[in-house]
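Residue numbers (this note's numbering), protein chains in the order written: chain A, 13 to 221; chain B, 263 to 367; chain C, 16 to 671.
Check the hints yourself; a few may be wrong.
[What the hints assert, rightly or not] Pairs of lysine-lysine, DSSO-like flavour, derived with a Cα cap of 27 Å:
1. A:K42 with C:K322
2. C:K462 with C:K322
3. A:K111 with B:K277
Hints listed in this document are in silico derivations from the structure and should not be mistaken for laboratory results.
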Amino acid sequence: MAHTAVHQASRGQTAAHAHAAEHHDQEGLKILGFWIFLVTDCLLFGTLFAAYVVLRTHTDGGPNGKELFEVPGFVAETFILLTSSFTSGLAALAMNQGKRNQLLGWLAVTALLGACFVGFEVSEFAKMAGEGATISRSAFLSAFFTLVGTHGLHVSLGLVWMTAIMLQLRRRGITAVTRRKVFVISLYWHFLDAVWIFLFTVVYLMGVM
Amino acid sequence: MEHETTQTHAHGSVKSYVTGFALSIVLTIIPIVLVLSHALAGKPLIVTIVLLAVLQFLIQLFFFMHVREGEQPRYNVMALILGCVIVFTIVAGSMWIMSFNAAVQ
Amino acid sequence: MLTKLKDFASTFFVTGDPLIYGADVAIVLTTIAIVFVLTYFKKWTWLWKEWLTSVDHKKIGIMYLIASLLMLFRGGVDALLMRTQLALPNIQFLQADHYNEIFTTHGTIMILFMAMPMMFALFNIVVPLQLGARDVAYPFLNALSFWLFFFGAMLFNLSFVIGGSPDAGWLSYPPLSEMSHSPGVGENFYIWGIQISGIGSLATGINFLVTILKMRAPGMKLMNMPLFSWSVLSTSVMIIFAFPILTITLALLFVDRFLGAHFFTMTAGGNPMMYVNLIWMWGHPEVYIVVIPAFGIYSEIVSTFSKKKIFGYKSMVFSMMIISVLSFFTWVHHFFTMGAGADVNTFFAISTMAIGIPTGVKIFNWLFTMFRGRIQLKQPMLWTLAFIPCFVVGGATGVMLAVAPADYQYHNSYFLIAHFHQVLIGGVVFGYLAGIYYWWPKMFGFKLDEKLGKWAFWTWNIGFYVCFMPQYALGFMGMTRRVYTYGWDMGWAPLNLVSSIGAFLMGIGFIFQVWQISYSIKYGERDTTGDPWNARTLEWSIPSPAPMYNFATVPHVSEQDAWWAEKQAREAGKRAAAAPALEPIHMPKNSGIPIIMAAFWFVAGFGFVFSWIWMAVAGLLGVAACLLARSFQYDTDYYIPVDEIKRTEASFGRGI
Numbered sequence: 013m014a015h016t017a018v019h020q021a022s023r024g025q026t027a028a029h030a031h032a033a034e035h036h037d038q039e040g041l042k043i044l045g046f047w048i049f050l051v052t053d054c055l056l057f058g059t060l061f062a063a064y065v066v067l068r069t070h071t072d073g074g075p076n077g078k079e080l081f082e083v084p085g086f087v088a089e090t091f092i093l094l095t096s097s098f099t100s101g102l103a104a105l106a107m108n109q110g111k112r113n114q115l116l117g118w119l120a121v122t123a124l125l126g127a128c129f130v131g132f133e134v135s136e137f138a139k140m141a142g143e144g145a146t147i148s149r150s151a152f153l154s155a156f157f158t159l160v161g162t163h164g165l166h167v168s169l170g171l172v173w174m175t176a177i178m179l180q181l182r183r184r185g186i187t188a189v190t191r192r193k194v195f196v197i198s199l200y201w202h203f204l205d206a207v208w209i210f211l212f213t214v215v216y217l218m219g220v221m
Numbered sequence: 263m264e265h266e267t268t269q270t271h272a273h274g275s276v277k278s279y280v281t282g283f284a285l286s287i288v289l290t291i292i293p294i295v296l297v298l299s300h301a302l303a304g305k306p307l308i309v310t311i312v313l314l315a316v317l318q319f320l321i322q323l324f325f326f327m328h329v330r331e332g333e334q335p336r337y338n339v340m341a342l343i344l345g346c347v348i349v350f351t352i353v354a355g356s357m358w359i360m361s362f363n364a365a366v367q
Numbered sequence: 016m017l018t019k020l021k022d023f024a025s026t027f028f029v030t031g032d033p034l035i036y037g038a039d040v041a042i043v044l045t046t047i048a049i050v051f052v053l054t055y056f057k058k059w060t061w062l063w064k065e066w067l068t069s070v071d072h073k074k075i076g077i078m079y080l081i082a083s084l085l086m087l088f089r090g091g092v093d094a095l096l097m098r099t100q101l102a103l104p105n106i107q108f109l110q111a112d113h114y115n116e117i118f119t120t121h122g123t124i125m126i127l128f129m130a131m132p133m134m135f136a137l138f139n140i141v142v143p144l145q146l147g148a149r150d151v152a153y154p155f156l157n158a159l160s161f162w163l164f165f166f167g168a169m170l171f172n173l174s175f176v177i178g179g180s181p182d183a184g185w186l187s188y189p190p191l192s193e194m195s196h197s198p199g200v201g202e203n204f205y206i207w208g209i210q211i212s213g214i215g216s217l218a219t220g221i222n223f224l225v226t227i228l229k230m231r232a233p234g235m236k237l238m239n240m241p242l243f244s245w246s247v248l249s250t251s252v253m254i255i256f257a258f259p260i261l262t263i264t265l266a267l268l269f270v271d272r273f274l275g276a277h278f279f280t281m282t283a284g285g286n287p288m289m290y291v292n293l294i295w296m297w298g299h300p301e302v303y304i305v306v307i308p309a310f311g312i313y314s315e316i317v318s319t320f321s322k323k324k325i326f327g328y329k330s331m332v333f334s335m336m337i338i339s340v341l342s343f344f345t346w347v348h349h350f351f352t353m354g355a356g357a358d359v360n361t362f363f364a365i366s367t368m369a370i371g372i373p374t375g376v377k378i379f380n381w382l383f384t385m386f387r388g389r390i391q392l393k394q395p396m397l398w399t400l401a402f403i404p405c406f407v408v409g410g411a412t413g414v415m416l417a418v419a420p421a422d423y424q425y426h427n428s429y430f431l432i433a434h435f436h437q438v439l440i441g442g443v444v445f446g447y448l449a450g451i452y453y454w455w456p457k458m459f460g461f462k463l464d465e466k467l468g469k470w471a472f473w474t475w476n477i478g479f480y481v482c483f484m485p486q487y488a489l490g491f492m493g494m495t496r497r498v499y500t501y502g503w504d505m506g507w508a509p510l511n512l513v514s515s516i517g518a519f520l521m522g523i524g525f526i527f528q529v530w531q532i533s534y535s536i537k538y539g540e541r542d543t544t545g546d547p548w549n550a551r552t553l554e555w556s557i558p559s560p561a562p563m564y565n566f567a568t569v570p571h572v573s574e575q576d577a578w579w580a581e582k583q584a585r586e587a588g589k590r591a592a593a594a595p596a597l598e599p600i601h602m603p604k605n606s607g608i609p610i611i612m613a614a615f616w617f618v619a620g621f622g623f624v625f626s627w628i629w630m631a632v633a634g635l636l637g638v639a640a641c642l643l644a645r646s647f648q649y650d651t652d653y654y655i656p657v658d659e660i661k662r663t664e665a666s667f668g669r670g671i
């Protein structure tokens, strides 16, 4: 007799039903895993913030935030990202109503806003570098470029990822798997907006104070 | 069998997203005004804008990321809270420990 | 052209040292031998299909184990080279530069490429089986973690024949590790080797956290879970919070070196102490990350070989969780001498001492478990018994170091060296060895020979005390760490000689273990029952080695030590083993993407090491392509049909 099992799990389900439940569990597992990944990303940004707040006064006679940051620029970036977080929420909403084209539309708007944000940031960086405020000018600027740049990199990677998911949605429609993928990227997108709030406050607002 | 899983993460309504969005905009404008108008200065200003940022972070979590929903027990929320405690430790701890540097320089 | 090539080769390859040439020859010969054997016996397809692309947690665990034993060998050779150099005053065996490289690689390899993978080996082999699960939560990610670790470790080890090894200490403190003081590629190897394997470690932390939280057998409450799994939960929590800090700290150092930034430089406002502050925020939890699973292993072993339920289960769980949180609040004790001020040092001295409390609770629990138990002195238990006094002494010297004012005296002396080797060898290595002996039959289906094992045990243990006890005294006599030689007039010669003898004794212990393994493959006692130790937890309820799907039917658990309770019930005739209702088992498909993606990381890392941007970009593009390929893959799993399960079970003598 088999004594492999301690005692048997009673299972009233039909096999097909069990498979569906398994699938369901797997998608739920992946979402939990992604949440935990986001927490590790929080720690990642937390460490960069620690470096920034310690080094922000170490300008070594070079330019400081007040001289470098331009209010209209970073305020525009903030509102663009905030709006994209909202539109990615609308995408998730359209998905829940099963409206694929609307979902793709909102995702496209989100990605477009994300691209605008990255564009603004790149031009801001280029302008600063043009004025001689490069990453190797001072510890403050090293910390600034690394912190803000890491966030920008996250947004850029998110754009590639979002495009890949849009292609999959076109090919496969809204299924359990694509649904989980859209949910996860919208979590990611909201999270990046949440990080930006702190960048906006600690780096930019405190910088121009 | 796919359609059975629709309830896993069907959250939110237009209303909650719009409310969240409106609150975020307001909470972004207030600190901008506070900083640009010089209504406050120094420590009180820093404390205020950081608190507003935390508030907006919570709004993202509740209105957009729907932390309240999902399966019990909420391991994601536990992880997030512990994560925030440790982020606070890293940032505040570094500031405290490295403040010796200000005395040295 | 030829001279140009010659110039390149003489800087690209490490030259000029007969030891290195010897190693070059050995590497080339070993590689040829491996390739020859695989080709001759036509094993390439087998290797690829059964191992390199496997997502089976048991196989991944065995690969981790093999890699970590190889790294133990490498790190051990480093240690013996150092002890040879220090055996007597004024020896010219190693030059100062070479000595610096060796103590750096010894530390880095032992912690990051030996202890971590050995720990992950046991996680992988044991945790799903203990939980009654078919696999970890994310099998694909698990394979990726392994290959990232593997290629990271290879990149790091490559530095010793190509480009030159890092030589700024195991934590690479700036400004020594900055471009200004280390313009070579060694530090880049350090950064990228750790960075690549670190991503893998972080993913493993997430994977096992979710596995434990979500994949337990039906009915197994968290508070019924075996203590090893609890220790893995505790460690996973620390990994997910600590490793991102390491990633960023090393990334900042790399930005300094690569882009000329000024985080940790001496100029332009940089602050080297900020690096020390950040790296220890990871570094301190890291030592608890490696020791907590050892605590879990001891708990399993003490209970099994005393034939008693663990004493104070709840206090064991709480103490582990308290340690994992407290470990994030003690980091400054590694640099009390920075002089952050009395308030800072006081806070961290007290928090450090506080960790002694939950640790003490655990020691007493183990002792009380053994109290009036029927103790069997099998190999796993021997190592556990050796651990307790060793760790108590190591802990006590740790409390001495935690006294901030006194630390100004001990800091960076051999006293410190003796202390952390005592907790890391006595706590971590003894624990993992005990775990390997304990779970070896579950991995391979046979026990390791007792007699040779006892020889190994005694040479290791005697060697340990002979090696490290003198170092406490040497510390008090003023010998600082990282000195490569000393004069006769210092009076350190006799104790150093004794210490070196002890180190070689431990080396002999390792040789005994290699002998023991090779002997036991042929002659070791076979495990036909699946439960060779009469143990208590679920992994012993299935055959050894476990079939690929682990459990033919998912067990249902209602109490602690589920398998023990089941055996008791069967003995009392209360419960017969019921005929299982088999169902097709859902399994993940093997995948070549993890190894390919990790290989691309290796290429990218190598490119960054030498600042060959084209190569780095090519590597990163390869990584991106692999990620996208995986994202577009939908057909990732399959079902094992009932017939096949029946056949497999029958082959283990468990007919259905």
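* Within 27 Å, alpha carbon to alpha carbon, are A:K111 and B:K277? -> This hinted pair holds, its Cα atoms lying about 18 Å apart.
* **Satisfaction of hint between C:K322 and A:K42, Cα-Cα up to 27 Å** => Violated, at about 39 Å.
* Hint consistency between C:K462 and C:K322 [alpha-carbon to alpha-carbon, up to 27 Å] -> Status holds; Cα separation ~19 Å.
In this structure, the one hint that does not hold is number 1.
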